[in-house]
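Chemist: Kindly produce the complete structure, drawing on both the sequences and the hints.
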Amino acid sequence: DAKTTQPNSMESNEEEPVHLPCNHSTISGTDYIHWYRQLPSQGPEYVIHGLTSNVNNRMASLAIAEDRKSSTLILHRATLRDAAVYYCIPTEGAGSYQLTFGKGTKLSVIP
Amino acid sequence: GAVVSQHPSRVICKSGTSVKIECRSLDFQATTMFWYRQFPKQSLMLMATSNEGSKATYEQGVEKDKFLINHASLTLSTLTVTSAHPEDSSFYICGWGLANTEAFFGQGTRLTVV
Chain A
8 DAKTTQPNSM ESNEEEPVHL PCNHSTISGT DYIHWYRQLP SQGPEYVIHG LTSNVNNRMA
68 SLAIAEDRKS STLILHRATL RDAAVYYCIP TEGAGSYQLT FGKGTKLSVI P
Chain B
1229 GAVVSQHPSR VICKSGTSVK IECRSLDFQA TTMFWYRQFP KQSLMLMATS NEGSKATYEQ
1289 GVEKDKFLIN HASLTLSTLT VTSAHPEDSS FYICGWGLAN TEAFFGQGTR LTVV
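For the protein sequence lines, the chains are A and B, in the order given.
Sequential numbering of the first sequence, starting at 8, is according to the working numbering.
Sequential numbering of the second sequence, starting at 1229, is according to the working numbering.
A portion of the hints provided could be inaccurate.
[Claimed, not checked] Chain A stretches covered by chain B per the calculated footprint, using a threshold of three residues with CB under 8 Å from any CB of chain B:
no.: 1; region: 12 to 23
no.: 2; region: 45 to 55
[To be verified] Listing some non-contacts, in silico: residues in chain A with all C-beta distances to chain B over 12 Å:
no.: 3; residue: Thr33
no.: 4; residue: Asn61
no.: 5; residue: Asn64
no.: 6; residue: Arg75
no.: 7; residue: Leu87
no.: 8; residue: Ala90
no.: 9; residue: Gln105
Think of the hints as simulated: they come from the structure by calculation, not from any bench.
Predicted, not measured: the structure shown is a model, and the values here were computed from it.
All C-beta atoms in this analysis are idealised placements derived from N, C-alpha and C, irrespective of residue type, glycine included.
Modeler: As structure tokens, then:
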């Protein structure tokens, strides 16, 4: 499995954009990059995923570096409901499918 | 997003008894499902991965005879914690997914063994 490095914690002001980085330098060419988040005492929630191109959905944007060794999850306007632990997870594009969570980044949103 | 029903949400059991946790996907079918446990202030730890109709693949250090996984169909899986002990007290989470698409998770089961 590709190893990931994320900041332990980040803070953002409400209604400001947030950029959550993730390094995954050992990612293979066929691994997808998934992002999930977990609110306190809940199961994880899917945020976004991509392979090579940048991706947008209603929740967030995912910017993937050209060499794919890093990616950034972008929340365009942080709300208090976005306070959660965010996990970046590379998954194998070929072979067995597994979701292994690292330590993630705890995002705090300041009113 | 899709709905995953995990039941019960909380359970307290006596040491030495068994507890069954049920996980259902209500509005979609997926071939792969995951079971995790999470201790306070820690990340989710993958316990096992299973595909419908196949035996679960357990992670290293997870006893398959203690944590029995039944993946009965594309929408139902159960985790049975047998002969539970206080150290098994944890937050257990199930998830369903198809390779390289989004996965959906239950709301978790908080198990307390007394």
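Chemist: Each hint needs a verdict: does it hold in this structure or not?
Modeler: Evaluation of the provided hints:
1. 12 to 23: Violated, because only 0 residues of the region 12 to 23 of chain A bring their Cβ atoms closer than 8 Å to Cβ atoms of chain B.
2. 45 to 55: holds (count 7)
3. Thr33: 18 Å, holds
4. Asn61: Its Cβ never comes within 12 Å of chain B, the nearest being 17 Å, so this holds.
5. Asn64: Incorrect as stated: the minimum Cβ-Cβ distance to chain B is 10 Å, not above 12 Å.
6. Arg75: Holds, since 15 Å exceeds 12 Å.
7. Leu87: Since the minimum Cβ distance to chain B is about 20 Å, leucine 87 of chain A lies beyond 12 Å and the statement holds.
8. Ala90: 16 Å, holds
9. Gln105: 6 Å, violated
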